[in-house]
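Starting from the given sequences, assemble the full structure and let the hints guide the process.
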Amino acid sequence: MNPKPSAPFIAIMITACLVAAAASSCASGPKTTPSATTSTAGEVVPLVGSAKVHRYTYPNGLKLLVVEDHSSPTFAYQTWFRIGSRDEIPGKTGLAHLFEHMMFKETKNHKEGEFDRILEAVGVEGENAFTNRDYTAYIQELPKNQLDLIASLESDRMVNLLVNEQSFRTELEVVQNERRFRTENNPDGTMYQDLFGLAFEKHPYHWPVIGYQADLDKMSAQNAMDFYKTYYSPNHATIVVVGDVDAGHVHDVIQKYYGGLLASSAPSHDIPVEPTQDAPRRESLKLNIQVEKIVLAYHIPGIADADMPAIDVLQAVLSGGKSSRLYRALVDTGIASSVDSEDIDDKDPTLFIIGVNLQKGRHATQAESVVLREIARLTSELVGDKELERARNKIDFGFYEGLGSAYLKAQFLGKYEALTKNFELGLLEQQRIQSVTPEQIMEVAKKYFMPSNRSVVSAFPKGGKQK
Amino acid sequence: MKRNFIAFSILFAALALPAAMPAHAFEMAFEEDSSLPIVYVNLAIKAGAVTDPAGQSGITNFMGEMLLRGTRSKTKEQIDLALDQMGARLEVETRAEALIVRGAVLSSQLEPFLALMREIASEPSFPEAEIRKLKAEIVSGILEELGNDSSLEGRRFSRFLFEGHPYGKPVLGTVKDVTKLTRTKIAAQYERLIHDLNFVVVGEGDAHEGTMHAWSTDLARLRPTGSQAVIAQVSTPVNAPIRRLQIVDKPERTQTQMDVGQIGVRMTDRDYFPLYLGNYAFGGGSFSARLMSEIRVKRGWSYGAYSSFRQGLKPRSWQAHLFPAAKDAPAALAETVKLIEELHAKGITHDEFDFAQRSLVNSSGFMYNTPKKRVENTVLERTLDLPQGFMQGYAKELSLVTLEQVNGAMKNFLQPDRLAISVLGTAADLKDALTKAAGVQTKDVLVVPYTEE
Numbered sequence: 346m347n348p349k350p351s352a353p354f355i356a357i358m359i360t361a362c363l364v365a366a367a368a369s370s371c372a373s374g375p376k377t378t379p380s381a382t383t384s385t386a387g388e389v390v391p392l393v394g395s396a397k398v399h400r401y402t403y404p405n406g407l408k409l410l411v412v413e414d415h416s417s418p419t420f421a422y423q424t425w426f427r428i429g430s431r432d433e434i435p436g437k438t439g440l441a442h443l444f445e446h447m448m449f450k451e452t453k454n455h456k457e458g459e460f461d462r463i464l465e466a467v468g469v470e471g472e473n474a475f476t477n478r479d480y481t482a483y484i485q486e487l488p489k490n491q492l493d494l495i496a497s498l499e500s501d502r503m504v505n506l507l508v509n510e511q512s513f514r515t516e517l518e519v520v521q522n523e524r525r526f527r528t529e530n531n532p533d534g535t536m537y538q539d540l541f542g543l544a545f546e547k548h549p550y551h552w553p554v555i556g557y558q559a560d561l562d563k564m565s566a567q568n569a570m571d572f573y574k575t576y577y578s579p580n581h582a583t584i585v586v587v588g589d590v591d592a593g594h595v596h597d598v599i600q601k602y603y604g605g606l607l608a609s610s611a612p613s614h615d616i617p618v619e620p621t622q623d624a625p626r627r628e629s630l631k632l633n634i635q636v637e638k639i640v641l642a643y644h645i646p647g648i649a650d651a652d653m654p655a656i657d658v659l660q661a662v663l664s665g666g667k668s669s670r671l672y673r674a675l676v677d678t679g680i681a682s683s684v685d686s687e688d689i690d691d692k693d694p695t696l697f698i699i700g701v702n703l704q705k706g707r708h709a710t711q712a713e714s715v716v717l718r719e720i721a722r723l724t725s726e727l728v729g730d731k732e733l734e735r736a737r738n739k740i741d742f743g744f745y746e747g748l749g750s751a752y753l754k755a756q757f758l759g760k761y762e763a764l765t766k767n768f769e770l771g772l773l774e775q776q777r778i779q780s781v782t783p784e785q786i787m788e789v790a791k792k793y794f795m796p797s798n799r800s801v802v803s804a805f806p807k808g809g810k811q812k
Numbered sequence: 010m011k012r013n014f015i016a017f018s019i020l021f022a023a024l025a026l027p028a029a030m031p032a033h034a035f036e037m038a039f040e041e042d043s044s045l046p047i048v049y050v051n052l053a054i055k056a057g058a059v060t061d062p063a064g065q066s067g068i069t070n071f072m073g074e075m076l077l078r079g080t081r082s083k084t085k086e087q088i089d090l091a092l093d094q095m096g097a098r099l100e101v102e103t104r105a106e107a108l109i110v111r112g113a114v115l116s117s118q119l120e121p122f123l124a125l126m127r128e129i130a131s132e133p134s135f136p137e138a139e140i141r142k143l144k145a146e147i148v149s150g151i152l153e154e155l156g157n158d159s160s161l162e163g164r165r166f167s168r169f170l171f172e173g174h175p176y177g178k179p180v181l182g183t184v185k186d187v188t189k190l191t192r193t194k195i196a197a198q199y200e201r202l203i204h205d206l207n208f209v210v211v212g213e214g215d216a217h218e219g220t221m222h223a224w225s226t227d228l229a230r231l232r233p234t235g236s237q238a239v240i241a242q243v244s245t246p247v248n249a250p251i252r253r254l255q256i257v258d259k260p261e262r263t264q265t266q267m268d269v270g271q272i273g274v275r276m277t278d279r280d281y282f283p284l285y286l287g288n289y290a291f292g293g294g295s296f297s298a299r300l301m302s303e304i305r306v307k308r309g310w311s312y313g314a315y316s317s318f319r320q321g322l323k324p325r326s327w328q329a330h331l332f333p334a335a336k337d338a339p340a341a342l343a344e345t346v347k348l349i350e351e352l353h354a355k356g357i358t359h360d361e362f363d364f365a366q367r368s369l370v371n372s373s374g375f376m377y378n379t380p381k382k383r384v385e386n387t388v389l390e391r392t393l394d395l396p397q398g399f400m401q402g403y404a405k406e407l408s409l410v411t412l413e414q415v416n417g418a419m420k421n422f423l424q425p426d427r428l429a430i431s432v433l434g435t436a437a438d439l440k441d442a443l444t445k446a447a448g449v450q451t452k453d454v455l456v457v458p459y460t461e462e
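Taken in order, these protein sequences are the chains called A and B. Each step along the first sequence adds one to the number in the working numbering, with nothing skipped, and position 86 is 431. Each step along the second sequence adds one to the number in the working numbering, with nothing skipped, and position 109 is 118.
Hints listed in this document are in silico derivations from the structure and should not be mistaken for laboratory results. Do not take every clue at face value.
[Claimed, not checked] 16 Å max Cα-Cα, derived EDC-like pairs, lysine to aspartate or glutamate:
1) LYS307(B) <-> GLU459(A)
2) LYS807(A) <-> GLU40(B)
3) LYS667(A) <-> GLU86(B)
4) LYS667(A) <-> GLU100(B)
5) LYS307(B) <-> GLU746(A)
6) LYS667(A) <-> GLU139(B)
7) LYS336(B) <-> GLU518(A)
8) LYS307(B) <-> GLU518(A)
9) LYS142(B) <-> GLU518(A)
10) LYS307(B) <-> ASP539(A)
11) LYS667(A) <-> GLU120(B)
12) LYS307(B) <-> GLU451(A)
13) LYS381(B) <-> GLU746(A)
14) LYS382(B) <-> GLU746(A)
15) LYS631(A) <-> ASP539(A)
16) LYS336(B) <-> GLU529(A)
Printed below as a string of structure tokens:
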């Protein structure tokens, strides 16, 4: 990850920390030689407004999505690998993210530092990368005449990376500092790490994307190289290009630089299925904070599940805006200074999280009671029509705002491709949200928001009395 | 290559926001963009937290938040319901020299949204019950912020650098001051700041410029400048006469948050562009920059290490920021101070200059390549009294800068013997080593508990 102090960076990193995602990365099968020199014909799918997505698939398994947007002489170029911390094994946690850092190092064709330097010289914007539970993405924006350059550099590091021990040791230290920043010295980071650890016992979502300190301490350059050889290949990736480009030309450029790369046969490994949680779980922390905090989580299905549109609407009813139920019940009443909830987008069954920051002198137990009361209401009373309309409007607004630039369009497409191998699902989900009924909301509330499915982490000021 | 990108920048210049000056004394600019069914409307007030009177820190922010909590005809609850019904967002952002009411709405709901926004800006009621509730929320928000190492260090560094100057005051205020605010004082701050002379309306999206013009004119008529006192500009801040170290003492830190800096420069100062270029070479975000290279790339001491300017009507700050592990903090601080001293003494090299100039000129188009960025640029230009189009002039200005200008400007600007150094960490473990690394006398070290505001 690149710590440039830009607003997009901050947004991306927060997303990477708190949100999940997914993708089945483990395509299996024999090594593929690119015998054919051309990809499947481009397919065109409407996105939003006049924007259209051109989709290509290459013989080596690489996928390409292109959206032409000529409003500025620039383009976003993003490479999404369907690889994340979900693909790690116990004892090697944090490897996917650590490896992401190594991708900015040396290749057979470029010395360490050249990748950044070449791109910076031509005026790259927002060069960065992020790792999540189910995917790893490498992102840039460039002036329109730099398509060949970025395709050349990205295809080179997809297969030609070198990992030397000294460089690995230095970057490992950087990652350990990132961990100190995001988790050890960050109350919210500590709470989220513990929440996932509490809610998941078997599934890899149990461990943090950044990994455990003890595992990072034991990591070697060889581990990184093994990870690279296993997972970094065209058949695990989707390239997304949005901006002042011609789709056919992009297709030709991608063919030129990636067409000769070989697919890999990543060993398929069984991702453990998380057993059904059968009793509430709870943890309390004493931290150097001045007001209490609480996070509650319920298991919910993965992003492609048919229940997700109703859960999306339920989320907006609970905390979408200042007229939402939890804001009214917690902030307007003087119990909390802020409340938020999130139904995480992950490939596998994941969590619905509610986070509350208490007001001075108020207690996490009070907030928890209110949250549980509001959830109980959802299981016993139908959401009214006006409230449903408000929730839908909030979601609509967020959907359109989330497509508000070349970068954001590319991110939307890349994320859904990484999680579901089908970006249309993101559009379909938006349509389905429009037809969610009050009965469906009650149904998912009853199905997922029961006490036995709940995990709670509370944080109290050190030296204070816990109530 | 440079020629290509100057052309690239000129292309963007053609997309500059049209600016209109209606009869009433306010400024308005709107860029039509129908690619998505969303409209963004910003009402910026050209006065911010530096206008907070003594003992009333946080009042501008508080007043801004209170705009959303009741009008003559609507309660907070009704406002919240109306906004959510429209699928809209309305928030207040307070800066040192601006208060910005930021609105965004589905274009199908623009008409009722503008009506509500006008009412909020022109007819606030400041209900006592909401004042009590907001006080409790903001006080808790401040305490929550103090629990976050990064934001706590930022807050403490500003106060340490600027000492008693208004730029050092926290925008949210202090718990002590916010607790004492009254309805009378809040209403007085509203009368003082919210009038047409201070209005800047900037927006973009799926709406007609004429609609926004009419709305702005109407709003200005409702808040004409009357007998309001002219708001005095703040004085120019100065560096303390010595190098100083502050340790924000927090127990059990495995990592520190570190700022090393001094008073900055105005964007309209003659040396701004040479300094901007020199800063980029030193720590302006590039992985090739000196600070990043020495601290992160070569030694792995910190996840991030960069330097930047903060801008204001008066010179604000220039600071390097890093967050090394506690075990590496003294060495990282010593290295950072050494790099600043070298930058002052020797400047940057020819290679560093060439690379920085090329990178900055080539990437300058990204400063205004989307409607949203152009809106933000206009807000910045209008609230900081910059010439119109200033933000689109970076490529041209930077392409004219010479190495000699950069190094001459750095020599004049940097004051290594007057640096303000602030480190959040565990004092018992680090105080002696940090004192030595900072090159300061023990008497010039201030240790403050993290729980203290």
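> If you check each hint against the structure, which ones fail?
Replying inline: As far as the earlier hints go, 2, 5, 9, 10, 11 are violated by this structure, in ascending order.
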